[in-house]
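Sequences listed follow chains A, B, C and D, in order. If you read the first sequence in my numbering, its first letter stands for residue 144, the second for the next number, and so on. If you read the second sequence in my numbering, its first letter stands for residue 144, the second for the next number, and so on. If you read the third sequence in my numbering, its first letter stands for residue 144, the second for the next number, and so on. If you read the fourth sequence in my numbering, its first letter stands for residue 144, the second for the next number, and so on.
Hints are computed from structural coordinates only; laboratory data are not their basis. Keep in mind the model is a prediction, meaning the values are calculated, not measured. Using N, Cα and C, we set each Cβ at its ideal position, and we do this for glycine too.
Not everything, but these chain A residues come out facing chain D in the computed CB check (under 8 Å):
#: 1; residue: R317
#: 2; residue: S323
#: 3; residue: V328
#: 4; residue: L329
#: 5; residue: R364
Now the stretches of chain A that chain C is said to cover, found in silico as 3 or more residues with beta-carbon under 8 Å:
#: 6; region: 157-167
#: 7; region: 187-193
#: 8; region: 385-398
There are 4 protein chains.
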Amino acid sequence: MPTAAILGCAGYAGQETLDRLLAHPGLDPLALGSDSLAGQRASSLDPRLNGGLPPFVTNAEALAAGAEVIFVCLGHEEAAALEPPPDAEVVVDLSGAHRLRDASLYSEWYGFDHPRPGAWSYGLPELFPLEPPLVANPGCYATAALLALAPLIGAIDPAGVIVDAKSGVSGAGRGLKAASHAGFVLENLTPYRVGTHQHAPEIEQALGFPVCFVPHLLPVRRGLLATCYVQPLADLRPLLEDAYVSAPAVRVLEEGVVPELSRVQHTDAAEIALYEDRATGRAIVVCAIDNLGKGAAGNAVQNANVALGLDETAGLRLTGVLV
Amino acid sequence: MPTAAILGCAGYAGQETLDRLLAHPGLDPLALGSDSLAGQRASSLDPRLNGGLPPFVTNAEALAAGAEVIFVCLGHEEAAALEPPPDAEVVVDLSGAHRLRDASLYSEWYGFDHPRPGAWSYGLPELFPLEPPLVANPGCYATAALLALAPLIGAIDPAGVIVDAKSGVSGAGRGLKAASHAGFVLENLTPYRVGTHQHAPEIEQALGFPVCFVPHLLPVRRGLLATCYVQPLADLRPLLEDAYVSAPAVRVLEEGVVPELSRVQHTDAAEIALYEDRATGRAIVVCAIDNLGKGAAGNAVQNANVALGLDETAGLRLTGVLV
Amino acid sequence: MPTAAILGCAGYAGQETLDRLLAHPGLDPLALGSDSLAGQRASSLDPRLNGGLPPFVTNAEALAAGAEVIFVCLGHEEAAALEPPPDAEVVVDLSGAHRLRDASLYSEWYGFDHPRPGAWSYGLPELFPLEPPLVANPGCYATAALLALAPLIGAIDPAGVIVDAKSGVSGAGRGLKAASHAGFVLENLTPYRVGTHQHAPEIEQALGFPVCFVPHLLPVRRGLLATCYVQPLADLRPLLEDAYVSAPAVRVLEEGVVPELSRVQHTDAAEIALYEDRATGRAIVVCAIDNLGKGAAGNAVQNANVALGLDETAGLRLTGVLV
Amino acid sequence: MPTAAILGCAGYAGQETLDRLLAHPGLDPLALGSDSLAGQRASSLDPRLNGGLPPFVTNAEALAAGAEVIFVCLGHEEAAALEPPPDAEVVVDLSGAHRLRDASLYSEWYGFDHPRPGAWSYGLPELFPLEPPLVANPGCYATAALLALAPLIGAIDPAGVIVDAKSGVSGAGRGLKAASHAGFVLENLTPYRVGTHQHAPEIEQALGFPVCFVPHLLPVRRGLLATCYVQPLADLRPLLEDAYVSAPAVRVLEEGVVPELSRVQHTDAAEIALYEDRATGRAIVVCAIDNLGKGAAGNAVQNANVALGLDETAGLRLTGVLV
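Produce the entire structure from the sequences given, and follow the hints as far as they go.
Here you go:
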């Protein structure tokens with residue numbers, strides 16, 4: 144059975160990736176990397192973890208452990224500097240370090256000069272063919288925006304596309320910052336990084352045109368909903384339905400069914416709803432995902448599955464109708 | 144001292160209006176109307192209410208009590224049928240029953256034929272001159288959208304204006320409905336009534352052109368934030384700053400200050416922030432209000448103050464820096 | 144493969160039971176009963192449900208469908224009146240209708256005279272031997288209190304036991320009531336039914352002595368935490384550890400590990416922590432469960448598994464380390 | 144008009160104290176101390192602050208500014224080291240630095256040796272006579288527990304008193320820590336510092352006997368509810384009602400009125416409810432306060448008012464019936 148290593152296992156994305164591996168019938172967690180937890184047993188991260196898992200090692204050790212699959216759940220800059228082992232079958236980078244093909248954009252959008260530019264495949268398998276071994280896992284906002292918009296290219300006016308997105312607080316990671324303090328988040332809603340969020344160029348790269356992207360911080364633990372406004376040039380519903388007719392992780396909702404963030408929470412699925420605004424002729428495409436699921440760990444494991452030729456949904460949380 | 148009657152005192156808007164009257168130095172609560180609580184003492188609504196207030200009477204009795212100011216906090220259809228007493232100095236209707244000048248629109252947007260069409264003044268005193276005695280208090284979404292957009296008319300392209308709004312659950316009232324059940328609201332976010340919300344024609348009436356308006360239900364108790372997307376034709380900041388330079392209830396935030404729903408919660412103030420999206424040239428105008436404050440009871444009392452020639456801010460919650 | 148019928152599938156407990164059946168390798172959903180949804184397809188309850196499931200039928204039809212396992216997710220009084228089919232291998236009643244052995248208690252605690260008193264087995268398999276076919280699934284609060292306290296009987300003073308419990312709003316069901324309105328629940332905490340909650344006699348019946356039980360309503364969607372205060376007469380930790388050493392759904396936390404409601408949310412597991420208060424000599428036993436998981440549907444399916452001789456954990460959500 | 148200085152104005156307690164001063168007719172904010180904001184204008188803390196307030200100064204400068212009233216909103220250890228100016232009429236310390244009369248307890252409960260032991264008056268004016276100028280403002284948990292329990296001394300069994308308390312996240316301050324991260328707090332509930340919380344000895348000091356005190360962290364922004372379990376030796380209701388008959392900030396609820404955290408949120412009031420548990424004979428006393436109001440800044444300003452002979456409620460938020 145192929146084995147996997149996780150680098151940065153103590154962050155949200157790392158822990159969620161481990162969660163999927165625990166349920167994965169064909170991918171064995173070989174090495175759990177975490178510089179802060181190295182030397183401790185797995186249960187030090189979470190008491191739900193017990194026997195059967197190796198203790199934490201450093202990220203460098205996890206990288207060198209010889210796993211066929213490597214999930215990189217590190218910070219952007221740390222991930223950018225990483226040298227992937229030549230014999231890994233697939234390396235999925237959940238950070239933003241390899242999403243932008245034009246490495247010169249990193250200084251503006253990520254605040255550092257990219258130390259190791261290279262060609263990584265953009266891993267959103269419903270929309271783009273995957274080219275392992277090097278796979279850049281998309282940003283959570285980009286995932287939602289692209290699932291909603293990419294199938295519509297050519298059938299919407301590329302000018303004036305608006306993506307008004309709302310994300311739960313786990314999207315900002317486990318690190319301590321004022322904007323993640325519960326005394327700020329609870330009973331609040333704020334736009335943030337308007338015009339400067341690093342997922343904007345990622346969306347533009349994939350669509351071929353810029354959109355006006357405004358993220359908001361929601362007082363929820365996890366989950367993300369993107370409300371996308373477009374000027375339709377054709378009937379959009381068939382395009383969405385055709386795009387995802389055989390996509391196990393994406394549901395296009397029937398007319399009249401309201402998309403709900405809570406329904407995709409704790410899952411690796413995406414939900415897409417299409418509306419028409421009669422007053423202005425605009426179409427509204429809403430995409431809901433769990434930022435840690437389809438927006439991060441779920442999609443990463445899906446990428447690994449595709450790269451390895453496994454069942455695309457192995458380890459994913461797609462069924463179930465939790466309230 | 145002028146006296147006030149509240150009709151529908153047991154709903155959110157009614158209770159919040161009473162709250163302002165309790166703090167009002169120049170307006171005396173004469174009659175508290177509530178058909179469900181009639182005959183009970185004031186404290187039956189809330190244990191914080193005690194001596195000094197009259198017991199509840201029926202709404203009909205409250206209407207006939209001879210108050211100079213009447214706050215109508217009833218359902219749309221009930222309010223539409225009301226005959227205002229001829230000797231009231233000001234009647235502020237917090238429902239939607241008198242917001243639309245074209246009475247024929249009511250069947251489509253409110254689901255009933257208007258029984259008593261008439262000319263009511265649209266009571267948003269920062270933007271429109273008030274003409275008492277009959278004052279229609281604007282919808283909460285319309286208030287936020289108009290505070291953000293009305294000063295920009297002529298300086299933005301009227302085509303393609305988007306209003307992506309998010310409101311706390313109290314905006315849907317105290318009545319029991321599935322969409323207000325905490326098991327639905329908590330950890331959730333949903334768009335609703337896309338293209339069919341009754342505040343859309345109200346916004347169009349005031350702006351002179353339709354906008355694409357999509358409301359979302361937030362998992363917060365109260366508060367509303369409208370993110371408005373426009374194509375600017377001129378420098379917008381001076382227009383906003385000029386419009387509100389002497390408006391005590393509206394703050395235009397300096398560049399770099401992030402609007403927060405929580406900062407206007409429990410207040411009668413509005414906050415407006417202006418952003419530019421370099422990638423697309425769009426401007427984003429964000430307005431935050433408390434849906435029950437500036438979006439309902441606070442604005443209603445402000446209207447009454449203006450109509451009576453009192454201090455515009457009497458009874459309002461505008462100062463304070465609660466965390 | 145044995146088949147299952149669910150009665151009351153449109154309520155929280157019914158939907159969650161269906162959720163477990165969807166993941167169950169050895170129990171086939173034969174009939175989905177719901178008087179309100181009868182005749183509609185499964186997806187009318189939730190868009191995540193699709194092909195492969197039968198349409199809804201009435202509860203009477205579901206009861207008569209010939210399933211080996213019947214999950215009764217009806218209201219207390221409706222469930223009390225039900226006549227279980229004689230050939231069912233196991234009937235698990237998730238309501239309170241068959242929890243109290245002394246049928247005369249129903250008028251006081253449930254507000255109705257029990258129409259069909261009978262001997263049902265109390266289905267908490269970690270603590271009590273199961274005697275199918277008739278199984279009363281415990282109340283959520285009782286489950287948490289008993290998991291914390293039952294192993295300690297004889298080692299604690301039966302006088303003065305306090306159970307201070309806190310539950311998410313889904314514990315009150317999907318029905319519309321003022322106390323479940325999000326405008327009441329959000330940013331709130333209230334005790335309720337102090338001294339009159341129907342889980343109190345259920346706890347007393349199982350322990351053999353009364354406890355002082357006070358439930359509180361939490362502003363969370365799901366999850367329940369019971370903080371139990373006892374006067375220890377012996378070392379309690381070994382008793383807890385021994386009780387659950389081979390219980391797959393109950394974790395006794397090591398000293399120093401803090402119990403978290405969120406860690407058991409969306410799962411069928413229970414977590415128990417033991418503390419000592421040096422100042423008073425009291426011991427504190429904290430038990431966290433998901434009120435819809437171990438507190439309802441998860442335990443119900445576990446009961447069915449035990450009754451049928453299947454893997455006790457089949458269909459349950461016990462693994463995973465979701466953030 | 145007497146003047147006031149605030150030290151530590153950028154923390155929650157400091158900002159809330161400033162909030163009360165803004166509404167105070169007889170106490171003028173002379174100096175706003177904050178080492179992190181020194182030199183910046185007041186609006187740097189919050190855009191709601193504007194003209195009329197002095198810029199921030201260092202805490203040392205604020206202390207030396209010559210104000211009649213000094214509010215100390217610093218960390219425990221920093222406050223303990225402070226030398227109060229001899230000519231201040233009242234110094235209210237909102238930290239824990241002067242709450243425990245036995246200075247030797249600080250090393251155990253606060254983790255530092257007290258550098259300046261001294262006799263400070265314990266400032267809970269409803270229960271204890273105030274002796275200015277040096278006033279220790281009680282801890283938020285202690286305030287709730289003592290308001291519930293102190294009037295009952297002599298009428299309850301001092302053995303076996305339980306205080307199960309639940310607080311919103313602002314109780315832990317504005318500082319960044321893992322337990323205040325919204326990704327931890329939202330949809331969660333945890334006990335914490337069981338048996339080791341520094342408010343336990345404070346409660347014991349005031350009552351004369353230890354209680355079993357367990358605090359829990361609630362997913363709310365602010366507010367605190369303490370559920371206290373006692374063995375009554377007499378009729379308790381008259382004792383509570385007598386104790387607070389002339390206390391403007393404390394309401395004893397009539398039988399049947401449920402205490403709500405949300406009703407005291409954003410206020411300086413306390414609500415107390417009394418219940419009897421027939422099954423065990425225990426009495427339950429529930430006290431709800433806002434941890435930042437009656438539990439901190441509101442009580443601090445009340446102390447200053449009493450010390451200066453002003454209206455006890457000046458600047459406080461006690462009226463109003465916000466939803």
